[in-house]
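Enquirer: Let chain V serve as the given structure and place chain Y with the ligands on it in line with the hints.
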Amino acid sequence: MSEQEKLVFDRADALVDVPTHYCPGCQHGVAQRLAGELLTEMGLTENTLLVTSIGCSVFLYNYLNVDSVEAPHGRAPAVATGVKRARSDKFVLSYQGDGDLASIGMAEIMHCANRGENVSIIFVNNTVYGMTGGQMAPTTLVGQKTTTSPAGRNASKEGLPIRMSEIIGQLGGTAYSARVAVNNVKNIRKAKKAMKKAFEVQQKELGFGFIEVLATCPTNWRMDALKANERIENELIPYFPLGVHKDVTAEVED
Amino acid sequence: MTKTGEKLFIKGNEAISRGAIAAGLKCYFGYPITPQNDIPEYMSAALPAAGGEFVQAESEVAAANMLIGAAACGVRSMTSSSSPGISLKQEAISYLAGSELPTVIVNMNRGGPGLGDIGPSQGDYFQSVKGGGHGDYRTLVLAPGTCQEAYDLVIQAFDLAFKYRNPVMILGDAILGQMKEPVITWTPEEKDENEGHGWRIVGAKNRPGRILKSLHLSEGALAKHNLMLKNKYEDMASFTQKEEYQTEDADLIIVAYGSIGRIVKSTIKKLRNEGHKVGLFRPITLYPFPSDDLKKLAEQGKKFLTIEHNLGQMVEDVRLSIRTIADSEFFGFYPGNLPTPDDFEEPILKALGGK
Ligand SMILES: Cc1ncc(C[n+]2csc(CCOP(=O)(O)OP(=O)(O)O)c2C)c(N)n1
Ligand code: SF4
Ligand SMILES: [Mg+2]
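Same order as they appear, the protein sequences are chains V and Y. Going by numbering that gives the first Met the number 0, the first sequence opens with residue 0, and the numbers climb by one from there. Going by numbering that gives the first Met the number 0, the second sequence opens with residue 0, and the numbers climb by one from there.
A portion of the hints provided could be inaccurate.
Said to hold, decoys possible - Dumping the calculated SDA-like pairs for lysine to any residue here, alpha-carbon to alpha-carbon at most 25 Å:
#	chain 1	residue 1	chain 2	residue 2
1	Y	Lys212	V	Lys192
2	V	Lys189	V	Ser87
3	V	Lys196	V	His20
4	V	Lys156	V	Ala106
5	Y	Lys302	Y	Leu319
6	Y	Lys212	V	Ser87
7	Y	Lys204	V	Pro18
8	Y	Lys25	V	Ser87
9	Y	Lys264	Y	Thr246
10	Y	Lys25	Y	Pro187
11	Y	Lys204	V	Lys156
12	Y	Lys212	V	His20
13	Y	Lys212	V	Asp12
14	Y	Lys223	Y	Met235
15	Y	Lys204	V	Thr39
16	V	Lys196	V	Lys156
17	V	Lys196	V	Pro18
18	V	Lys203	Y	Gly50
19	Y	Lys2	Y	Thr145
20	Y	Lys268	Y	Lys212
21	Y	Lys212	V	Leu159
22	Y	Lys204	V	Met41
23	Y	Lys204	V	Glu45
24	Y	Lys162	Y	Glu242
25	Y	Lys212	V	Leu43
26	Y	Lys212	Y	Asn225
27	Y	Lys25	V	Glu45
28	V	Lys189	V	Pro240
29	Y	Lys204	V	Ala106
30	Y	Lys204	V	Leu43
31	Y	Lys25	V	Gln202
32	Y	Lys264	Y	Pro346
33	Y	Lys229	Y	His215
To be clear, the hints were calculated from the coordinates, so they are not data collected in a lab. Here the structure is a predicted model, which is why all the values come from computation and not from measurement.
Chain V with its partners taken away, still in its complex shape (with noise of 0.2 Å):
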């Protein structure tokens, strides 16, 4: 390789060559990216065992180049324990859409996080239901117009958004729990740092490492993906501030 040819992006081995599905600008895709990055880097590929989930993600597998098991709808964190209590040599790491898991998988999400089992979420908030067309989800922010509350999402009614990160960070069994966006260079720089310590504490054995990242779906959104990834900054991120809510290898080096 000449100097004027210097390779400055390469595609990690984790992650398949194949164009991926999603919409233009939908934020899954570097969601994603961000995990076959870290598996390649950590060494971890051949070793994983991904439990996919129902939602917009649910062709992962296709994208990453692990060994992988479906889940039903909202069930991923009881399947991954399956496999963790299965095979405990392998680095097990699951993918959920906020409708699985804050909605269907609640229960699954809460307990799996709460036995402290051994295994990494990644949780990515779109604040809609984007595969079965954009309707409202446990996370829609108040006054958002989805196709399930198309006069916004009436809190007395409805209830307020879920806080996920806040709330897996408050059980004992959670080693790691952070909220970050991918909505620029410094965010994703930041979330990737983020995702592998979500990682890092399975592989210590430290318990649950769970990492919610904000995206767009400006398919459902009805924006552009500009206006989406602005959406991000101007409504998400001060509902869903950015943040580590638990870290026991922080508390340990304190």
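Expert: Chain Y with the ligands alone, transformed into the frame defined by chain V:
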């Protein structure tokens, strides 16, 4: 741990637990519900001691989904529950069948519908034998009638699950779970450590990632998958088991399974002593159903009476098996009552009399 050749006086629930551990169970996932609580209670101590993993799940839904994860890894896994809990497991059972994952599910049937009661019932025949969850699929269903048979069949269940890459259900009831009987234990030969080699998830080393899933979206893919499953179920049909008692010279065949089959056997013994020509046909595999053997009896001109502890479920399969040759009468003992051999005398005599 259970030693080979020990004679124990134990409940059906414990026989199932010991049989499963003898068969090399690695992961058990449970949730409390009467009348199967002895199983998770036994497992919580004995399975870790045998080197396995016990998890008391947050619900039957979670327990069944944990099975998906463990089964995908190719280890021997099991859950147990009773009727309302089995209803909750059905979505995951459909995924297990669709993803071709081998596992064992124990149902100690109690009275329903709804919360019903905690006594015995055979009201779950349909939800066990006819799929139970969504989509076209079948689980192999084994129905033990004694504690010894429960021990033996659970061991066989694991082999069948891996042979066919399919969930296998053990269908018992509150009688079988709670009664104590002598059981002679045995341990199968060392199982293949590489069980599941070729399909289980272990990490993608020097090969592309493996995907265990039930989703088939591309043109024609689901139809192909369903055809493959259908062929598998047809193949499974070669494996049927039944008990026949005094059927040879019988004019009337009583068809009954599980605990009821066993109670009816006592009634038949008594009636035989009184000179009545009646015999028992007890299906042990409920799916696949031993249709051919029933048909042979029908061809000999015998009459049939199906007796169940429900309002009439298996009788449909009996009638299907012997259709165009004979029919079966039905006597349903209603769940909520505990049957004794005397309860079946009158309906059997009536069926004999109506010759
Ligand atoms: C039991 C069950 N209920 C409903 C569905 C339909 N369904 C598929 S994906 C989905 C929601 C996905 O939303 P989310 O988890 O937020 O993921 P996203 O698509 O937004 O990434 C639903 C309701 C299903 N597959 N199974
Ligand atoms: S619908 Fe939304 S979440 Fe789904 S791929 Fe499109 S942008 Fe992404
Ligand atoms: Mg979503």
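Enquirer: What's the verdict on Y:Lys25 and V:Gln202, does the C-alpha distance respect the 25 Å limit or exceed it?
Expert: Measuring from Cα to Cα gives roughly 22 Å; hence the hint holds.
Enquirer: Given the hint that V:Lys196 pairs with V:His20, test it: the Cα-Cα distance must not exceed 25 Å.
Expert: 28 Å, violated
Enquirer: Take the C-alpha atoms of Y:Lys204 and V:Met41, compute the straight-line distance between them, and say whether it is at most 25 Å.
Expert: Between Y:Lys204 and V:Met41 the Cα gap is close to 15 Å, so the pair holds against 25 Å.
Enquirer: Could you grab the alpha-carbon distance between Y:Lys212 and V:Leu43 and see if it respects the 25 Å cut-off?
Expert: 22 Å, holds
Enquirer: Take a quick look at whether Y:Lys204 and V:Lys156 sit within 25 Å of each other, Cα to Cα.
Expert: Violated - the C-alpha atoms of V:Lys156 and Y:Lys204 are around 51 Å apart, more than 25 Å.
Enquirer: Need the status of pair Y:Lys25, V:Ser87: alpha-carbon distance at most 25 Å?
Expert: Satisfied, since the Cα-Cα distance of roughly 12 Å is no more than 25 Å.
Enquirer: What's the verdict on Y:Lys2 and Y:Thr145, does the C-alpha distance respect the 25 Å limit or exceed it?
Expert: Measuring from Cα to Cα gives roughly 20 Å; hence the hint holds.
Enquirer: Compare the distance between the alpha carbons of Y:Lys302 and Y:Leu319 with 25 Å, and conclude whether the hinted pair is satisfied.
Expert: Given pair Y:Lys302, Y:Leu319 holds - Cα atoms ~15 Å apart, limit 25 Å.
Enquirer: Do the alpha carbons of Y:Lys268 and Y:Lys212 lie within 25 Å of each other, as the hint requires?
Expert: 50 Å, violated
Enquirer: Is Y:Lys204 within 25 Å of V:Ala106, Cα to Cα?
Expert: Distance ~34 Å between Y:Lys204 and V:Ala106 Cα, so the pair is violated.
Enquirer: Measure nothing beyond the straight line between the CA atoms of Y:Lys212 and V:His20; if it is 25 Å or shorter, mark the hint as holding.
Expert: Holds, because 18 Å separates the two Cα atoms, which is no more than 25 Å.
Enquirer: Starting from Y:Lys229, check that the Cα of Y:His215 is at most 25 Å away, please.
Expert: 16 Å, holds
The structure shown violates the earlier hints numbered 1, 2, 3, 11, 16, 17, 20, 21, 29.
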